[in-house]
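Undergrad: So you can see what is in the structure, the chains are spelled out below.
Protein chains: 4
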Amino acid sequence: MDYESIDTIIPTLGKAGISTPIQRWEKNSHSRNFVSDTARVLIDVSLTSVTKTFKEEKEPPSFEIAGPREKIYFDPSKLRCALVTCGGLCPGLNGIIRSIVLELYYGYGVRNIYGIQYGLQGFIPKYGHDIVDIKPEAVANIIKKGGSFLGSSRGPQDVGEIVDCLERMNIGALFMIGGDGTLMAATKIADAITERGLKISVVGIPKTIDNDIHLVSRSFGFDTAVEVATNAIRAAHNEAQGYPNGIGLIKLMGRHSGFIASTAALAQQDVNFVLIPEVEFDLEGPGGFLDTLEKRLKLRGHAVIVVAEGAGQKLFEARGEEYDASGNVKLNDIGLFLKDAAISYFEEKNIKISLKYIDPSYIIRSLPANANDHVFCSFLGRDAVHAAMAGKTKLLIGHWNNHFVHIPMTASAGKRKQVDPHGKLWSSVLDSTGQGSLKNG
Amino acid sequence: MDYESIDTIIPTLGKAGISTPIQRWEKNSHSRNFVSDTARVLIDVSLTSVTKTFKEEKEPPSFEIAGPREKIYFDPSKLRCALVTCGGLCPGLNGIIRSIVLELYYGYGVRNIYGIQYGLQGFIPKYGHDIVDIKPEAVANIIKKGGSFLGSSRGPQDVGEIVDCLERMNIGALFMIGGDGTLMAATKIADAITERGLKISVVGIPKTIDNDIHLVSRSFGFDTAVEVATNAIRAAHNEAQGYPNGIGLIKLMGRHSGFIASTAALAQQDVNFVLIPEVEFDLEGPGGFLDTLEKRLKLRGHAVIVVAEGAGQKLFEARGEEYDASGNVKLNDIGLFLKDAAISYFEEKNIKISLKYIDPSYIIRSLPANANDHVFCSFLGRDAVHAAMAGKTKLLIGHWNNHFVHIPMTASAGKRKQVDPHGKLWSSVLDSTGQGSLKNG
Amino acid sequence: MDYESIDTIIPTLGKAGISTPIQRWEKNSHSRNFVSDTARVLIDVSLTSVTKTFKEEKEPPSFEIAGPREKIYFDPSKLRCALVTCGGLCPGLNGIIRSIVLELYYGYGVRNIYGIQYGLQGFIPKYGHDIVDIKPEAVANIIKKGGSFLGSSRGPQDVGEIVDCLERMNIGALFMIGGDGTLMAATKIADAITERGLKISVVGIPKTIDNDIHLVSRSFGFDTAVEVATNAIRAAHNEAQGYPNGIGLIKLMGRHSGFIASTAALAQQDVNFVLIPEVEFDLEGPGGFLDTLEKRLKLRGHAVIVVAEGAGQKLFEARGEEYDASGNVKLNDIGLFLKDAAISYFEEKNIKISLKYIDPSYIIRSLPANANDHVFCSFLGRDAVHAAMAGKTKLLIGHWNNHFVHIPMTASAGKRKQVDPHGKLWSSVLDSTGQGSLKNG
Amino acid sequence: MDYESIDTIIPTLGKAGISTPIQRWEKNSHSRNFVSDTARVLIDVSLTSVTKTFKEEKEPPSFEIAGPREKIYFDPSKLRCALVTCGGLCPGLNGIIRSIVLELYYGYGVRNIYGIQYGLQGFIPKYGHDIVDIKPEAVANIIKKGGSFLGSSRGPQDVGEIVDCLERMNIGALFMIGGDGTLMAATKIADAITERGLKISVVGIPKTIDNDIHLVSRSFGFDTAVEVATNAIRAAHNEAQGYPNGIGLIKLMGRHSGFIASTAALAQQDVNFVLIPEVEFDLEGPGGFLDTLEKRLKLRGHAVIVVAEGAGQKLFEARGEEYDASGNVKLNDIGLFLKDAAISYFEEKNIKISLKYIDPSYIIRSLPANANDHVFCSFLGRDAVHAAMAGKTKLLIGHWNNHFVHIPMTASAGKRKQVDPHGKLWSSVLDSTGQGSLKNG
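Residue numbers (the numbering used here), protein chains in the order written: chain X, -3 to 437; chain W, -3 to 437; chain S, -3 to 437; chain F, -3 to 437.
Simulated from the structure, these hints should not be mistaken for laboratory data.
Identical chains share a label here; the pair holds if one copy fits it or two copies do between them.
The list that follows gives simulated cross-link-like pairs (lysine to any residue, SDA-like), each with its CA atoms no further than 20 Å apart:
1. Lys348 <-> Ile120
2. Lys294 <-> His125
3. Lys348 <-> Arg150
4. Lys122 <-> Tyr110
5. Lys140 <-> Val224
6. Lys420 <-> Asn398
7. Lys335 <-> Gly283
8. Lys122 <-> Gly297
9. Lys184 <-> Arg150
10. Lys435 <-> Ala337
11. Lys413 <-> Asn398
12. Lys294 <-> Lys345
13. Lys131 <-> Gly430
14. Lys54 <-> Thr44
15. Lys195 <-> Gly13
Given the structure is predicted, the values throughout are model-derived calculations rather than measurements.
Using the sequences provided together with the hints, build the complete structure.
TA: Here it is, written out as structure tokens:
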């Protein structure tokens, strides 16, 4: 991957000239180390690439390390902050909300913290959602619960109206937790803020249960999702073994990437086929999916299939016209498509199968975070606060090479991480499933 | 309920004249108490009814208590036994298999125990499923796993061929674990055995995750099913609360009875509507389901609905013709029907909702039994063995008034237990949900 | 068991002359059935005993069935109620609190509900614990959490001071959730109330995680306790198998009864020795525990032992003097005693063992109730309210032959349910463990 | 930290001259990428340090990246491999065993794989433990179970006898999974092998549930341990809140490091005091632990304390002589020590407390790995096989900067990773608990 062209400069609202309040820290004998803006972590850690870069007398690309700064930009006693969660539910949302609120309140002494309800809708007057004044007590116990304490909604809203709302409320720091679309909106909001000459820090925490954010090695909620997905695989395995020619077919999340499908398959080790967006397969013909499935049934009498929701989209192009009458939704649902395709295939061959289809997505994404994700979320939230207090803006809090880092929104937006078909993860999946290429010829 | 006409006499193959081997028991200082055939437990425990019966100088109906008999019919050293599991998966199948095998082997010294694979298919030569010779080691650890160690299948098979197989294998005791259809088949098998003059004990262990077997106060797997169903309800609640006008709709098992839906709703207490087969509701019109749902959304902004798969079947009669083109499967799926109905209803009213539909059935039924169900299954299996060894036949092992009992197959077959719309369970559901009658007018 | 002498008459405060408010119920088409005071369930359900009783022209003993009465004693708009939880934590306490509060508030319209904090201490001024005014919102979500919303404490308090407090607060109904000692106190409180001519209903909900309350077939929290105890057994089993001569020793709750130990052993099936208070065993000598343990290690290389905390108390009498120097606490701890005894025994024999001791009690009892226990608690709480509203007093809410019933405190107090050494449960444990009598000779 | 002096060269047995068999891989369209020995990942990823190193014209320290090599040293058809697990149980042992066996068998075609039972004892004839011939079927399902499939034992054995055994069995590759002591033994074994001129690859997989291995950013089982430890904290919290002046005291694993204690405290967020080996505290005096605990009780009425088993060891030095009579074991148990200290302290002050002590260690370490740890273990096992097949020896498989790497045993042995008292983890713990310095003055 070409890391050299990555933008790694974090915009700021101005000079951070106020000393960070340390009343909480100074009572600890081990005084807290502040992080300097010059502390940076290499993006590419390959010895070869780094050596090459230095040989060319260039500086290797690096990210600013996140954490508390010695000087801050905002006066905590005056600052008003807002939080919003957008898009689909994801384990860990409440942990991040809690962490941001507690760090603002106890770490810096900020007293005006507002929750924008139901995603971007919450900024827009016509929806009539109340703004919530958040106190620490209100969020102390929300991590035991899944979902979002603030609610969420999908879809874009007018950027001008959003900034109007921020201006009206006199917000100084806005924390936006959301996926692709939200971060795109965050970029536009930050630009509009600059245009209006306002001083509002916009800090994003990237949310995607699919773990496919560019330049973010891990996104919160992913670990929980994998853990819970294994239950569905176990169920599918028992159903498959339970009947002659039993097939368990599980659709897992992953519109553009197969990280959940691949990782869950490795975690459970009972899976015979993993289908992901990054790796094409043929449905029919010798060596194709159905043919290989038939061989597997002959050999072992049952099969477990995990399909990421974005896998096999080319199949819809090929067969598009057949499905027009049934409406768009069904057209693109690879899980139901494969279910129907397998049933037809074996019916034509007069082979009795027993196929069980499982779609656990809502059960997974609405759960509370597991321990690992919760710890991760608590760091993300704190670092988001440190970044905003320092007057940094238009950035994401990410995790890279074992450090929490600042990533300029422009560096990550519009790109996506995917499973490398030649990499360690997918190779391990192939080893574990023995599924082969699933291609003709 | 009229209990008086219930058949409570257990058929036997002949005189139990062999002393029960007690090598295992005698080494325990607390020697095992045998159960006498005259030990019976009242079916109806109402003081009023029992008094009335005695006043009329009749004997109140009662069940024989299950357990080891002092004399047995079969010579353990010669006996050959067979086990089969039929129909849908249910938590606890492996626990029962294990318990039967260990009791036969260690309790009585039976050495020839055969597993019939894949349900009734396993008896029929044309399917070509192997018979498994089961040793204790093979089943020692199967309770950690869901599904059925022996596999299963649905649908009837020819009774003659089944009995042919039993005769060919020289089976003396057949243990059948299955639902309605299986117990009906068991009855016919037992009759055919009698007709041929064979001496084969047929003992059934009723399986229905729905807990709706007549004269059986609790069926195995039900407790596990309720426990796991609460996870789906929790997910639906988080999804519902997460969005403006959020609706979580969960379809749970229950073709003819609402026990799982009602009990899970009480266990989780986050449910606003429970729809079950036993209680009719109106879909449309004032006071109907959709109207009440709209009112709930106006009041609280979200709603959680649990629907048993057999609820609202009359809706299909009324609307039957509209759905003919789409095929039979969809016609009867109340979950998808309600989903579509709610979406249309609010679309017409121009109210934006966010509905999430969850169908966790396969995840639930394929799990291992929880502790409670496992203990229950271990008793069911042992008592099935005791009954068969004593030469009893054409009976079920049931649980009634805190005792394990023998129920003649003829007493239970073809009838069904249902939620009493005036009883304690449904009243508690109405109290907990506050849903009202959901009827017009 | 002799049931005939059981007191089954429930005292009342006076005539229930007020119609039960049914505003909540009447909006349901299926109007709620009230339960009549004459509806009773037989205590003994054996056909033989009941027949004998009738032959002798006596009425068989029976319990009043719990549930809502058509007429109530208290005027809900005037009634002030108090709740208190006492003794050790137990899964389900919060479910009962919630159920009582919601039934009082929504079912009857009672608006003054007070929580007494930290058990009986909460009545006594010198401790200074606040009384809590409980509204439904405060308890809506407490079932997700273990422990007690009201806190608890151990030990008795002055009955006079308690009744002073009730009188001062003008309480009409007192709900006491607690074990042996609490129910004994409840009896005395009820008597003092009568002496003072007050009209206060005292309703007890028996709490014992050990499930050993006389005349109560099941106590709340027990099922959760068994389920969680199996995790500890699984851990002990893995530790035992993990090392040469590995021994896993788990101490489970059960001061006077071995229900948890026995049931958990059946649920997990990995246990080789179960020691309970009801069944004596010899520690040393041929056939004794240590000798049998040694044989088991020789045969299989590992062993799992479950000991109820009240087992083997006679061992302390015999060896009492040896242990005096070490203090009282250690003297009575059978878990640590057996650990030391086994270590010494094998050391003397020069056999290397690896013994792991696990005491999971606090982890078990402080958990939230599982689904099964929660449903059970919600019924207990509601029925406690129905009983109090009807003016009944000095009673417990119990569960008997599948019905919730009213048990006079005098019938249950001071007696205890125990595992029958000749019964089905213990026989199954012996079959499952193969431990034998563990007695010399 | 000074990374420059780290030894990063992996010893080899000789030239890897055999082409890696790729029968399994070539059927996949996406052929597997081999990893070159020149692929290395930087150890230090700080931009400043790396720049400085290059300015000094030195090469920055780096680790070899793990993975399959194009050429291997051993002929799979002749190779005989051995596996051994040593020391305490840890979640994931079975996952690593399974992964090594399956990769050897299916990935390379190795057919002779031997399990050494019960740790290093298994090599020594006098213990008489059998060697197990492991086939894939034997390990296919072991990941559902905790513990070690091969058993384990503690303590050193004679290195000469171990190498005798390897020589006798004609082993070419030895996989050792264990902690500190085991890796020290592995180094000596590798040295003895070299001295004897044998060609045996020794590959270590570092095991420490405490996550404190030098140069290994994460050790398997740690994530599972943290997850399960949160249950104990939740229990302690409920117990603490349940009583007046309730204290929940949990001892967690961590002889030399506080990673589990710190991370679990962040995951659960109900903890008020975390005590770890890396940070000293005063027990008595103003500002000390007991004084601060008293203040906390006054303020909030309850407290939750997590103590790592290696914390506060200096307290034993000070008080050593008082405890001599009671034996060594008790002397060093900080959990029981703090329990006793707190009880005495409050007794003297005449303050009634209710302290519950929880030690969940055995329950934690004997569990199966969670999904995250299992995926991790499956990579560790595969990479261990790749390293051995390539003829590399005296190395560990580690994880560093998101890559699996080869670490020379000499680089890691005898050093330890610890929680940095000025770093992000401990700062977050201090923020979360608000415990302060716990030091006098």
